[in-house]
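S.K.: The primary structure of each chain is shown beneath.
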Amino acid sequence: MTVEVALQTLLSALLTGCIYALIAVGFTLVFGVLDIVNFAHGNVAMLAMFATYVLFHAFGLDPYVSALILAPSFFLLGLALYQGLFKKLVELPHSTHIMVTLGLMIGTDNLANFIFGADLRGVNTSYTTASVVLGDISLQVARAMAAGVAVVVVSGIALFLKYTDFGKSIRAAASNRLGAKVCGINVERVYLISVALAVAAAALAGTVMMPYYLVSPVTGHEFLNKAFAITVVGGMGSFGGALVASLIVALVEAFGGLLLSPTLANAIVFGLLILVLLFRPSGLFGQRPIH
Amino acid sequence: MRFVVYLRRVIPALALIGATLVLAHSVSTHWLSTLIALVMWSCNAVAWNIASGYTGIFSLGHHVFFGVGAYTSTMLFLRAGVSPWIGMFLGGLLAALLGAAVGGVTFRYQIRGVFLGLTTLALGEVARSVAAGWNWIGGPVGLLLPMSNDPKNFIFIERLPYFYIAFAMLLTYLGIAWLIERSWFGYYLKAIREDEGAAEASGVNTYLYKTVALGISAGLTGMVGTFYAQYMLFIAPDVVFHFDVTLNMLLGVMVGGSGTLFGPVLGSSLFTALGEGLRNLPLAASARVAAGSKMVYAAILVITALYMPGGIVGWWQSRRSTRTPAREARPHAA
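Chains as they are written, first to last, in my numbering: chain A, 1 to 291; chain B, 1 to 334.
Excised from the complex, chain A in its bound form (with noise of 0.2 angstroms):
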């Protein structure tokens, strides 16, 4: 493996790491503060995909321009996921959140193998296959632009987490559920904004992802296992874990895949993420210890 072969790699998975994080910063959220673990959060992601895809080949609509139409009304369709279904779940067992999220995960993905069939398919904007050369490494323009989206989400959200009274609400409801309620705070409030807060983000990621990527009706499960891998990697509901798992995924899945096989990339996230379940089940940064 040549230099210029490991730094191409490593810059493709930091770019990817970066997606990553914008898709797994809400699975972790609605975990951490509903302990609902969300196995159809991948698919949101593929249903906006699909959605770009639609309104690009029938009104011509640039990615950028359908995430802005996108990113509110699936920050809507979350405000109805959780009145409609998760505000009933969160009091439920966990036996029924796998039943009900799984039901709503192979609802979706054959919502969109009935409309679209199992190919995929893509979108071919004037910038998909533009790159900018740097020294002996290419930078995909339509892989750093999404991520640039990511890291601006992303952060936008620890911001609002970290400093706004909201986002103090929302931790203090994720650290201790019945606390939190004695306090004063509004959890079903909280509850409802990070399902929604979660769902746009998913579908955000996906509306930015569709300039260079091929969408199917499975593509949903890719993002679940990858936000599954880091959430257990980071640590359960912790948010700056995410983050730093985000890379670390990407980056053992990249390099993985270069040196052993491609194929097997996914089996190598997962080697990882059981590492991580036997050795240090409460997740590299995170300080609760799964149940």
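In short, the hints are calculated from the structure, not lab data. Predicted, not measured: the structure shown is a model, and the values here were computed from it. Treat the hints with care, as some may be off.
[Stated by the list, open to error] Computed footprint of chain A on chain B, listed as stretches where at least three residues anywhere in the stretch have a Cβ under 8 angstroms from a Cβ of chain A:
| # | stretch |
| --- | --- |
| 1 | 24-38 |
| 2 | 100-113 |
| 3 | 129-140 |
Just so you know, even glycine gets a beta-carbon here, dropped at the ideal spot from N, CA and C.
Following the hints, position chain B against chain A.
M.R.: Positioned in the frame of chain A, the structure of chain B alone reads:
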């Protein structure tokens, strides 16, 4: 009196067995295939129920055990000439050992509930990509078994022998589940399901019993994998290592009644019948029919989980228990 009570249970069971056999002999080939699928998925559901329903081990990776059973017997037959009749038990044994190993590692590190589900789901992904990348076992294309009439090697031209084998397996599986349900072992498993900490505190070796339960469940699933291979005469990573295998078990168990003896059979039968009905939907492409049916299944899964957590059998028992108390009927909590 005891004898009369006993007869009241045995006679309907024998009548049901007899009716199924008569049905198998009288229907057309198409409906016989449906019946075989129904019995096969019921076997799988009964096996999954031993881990999930009785013990509360919510595995989402049982397709790994199914695939290991299918691949073991098929590879032994194709490469070493070992009859799948023997391969079935070797495949089941290997699946059982794998299940016990998975349990032994994950339970040691207190992985349970949702995380066990996600970990086993991840394991399934790994198994599928490993099988697809391993050319010695056929790679992504899979393996074909020769089509011939070879009863010594578990291959028949007629469908009826397959029905008898599957039906015998189902009765055996139900017998095993019944024995577990009535034994101290089963009581330990249910205690673990209801409250693992309390069971541990009462002196139950929860680690050992959970591991054994997952091993039994995995082994029985692996043997169904061999049956599937011999019946379809074709296996591939995207078929036997596919999450749909586990999904079928889960749907049957959750809708029929988790942790009950006949719930899994009832649920699987309902889904097979529903699948048959949906197959005749007026949709042009068969892929659309499959996607459409799965959307219906997903809706049923969500609605059952929210409004009927004990499944059909649980719902029936809770209805009865309002009149005659002291029958257990509660949904399991992970």
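S.K.: Each hint needs a verdict: does it hold in this structure or not?
M.R.: Taking the hints in turn, this is what the structure says about them:
Proximity of the stretch 24-38 of chain B to chain A, defined as three or more residues with a beta carbon under 8 angstroms from a beta carbon of that chain, is not established by the 0 residues found. Counting residues of the stretch 100-113 of chain B whose CB lies closer than 8 angstroms to any CB of chain A gives 7, which reaches the minimum of 3, so the coverage claim holds. Under a criterion of three residues with beta carbons nearer than 8 angstroms to beta carbons of chain A, the stated coverage of the stretch 129-140 of chain B is upheld, 4 such residues being counted.
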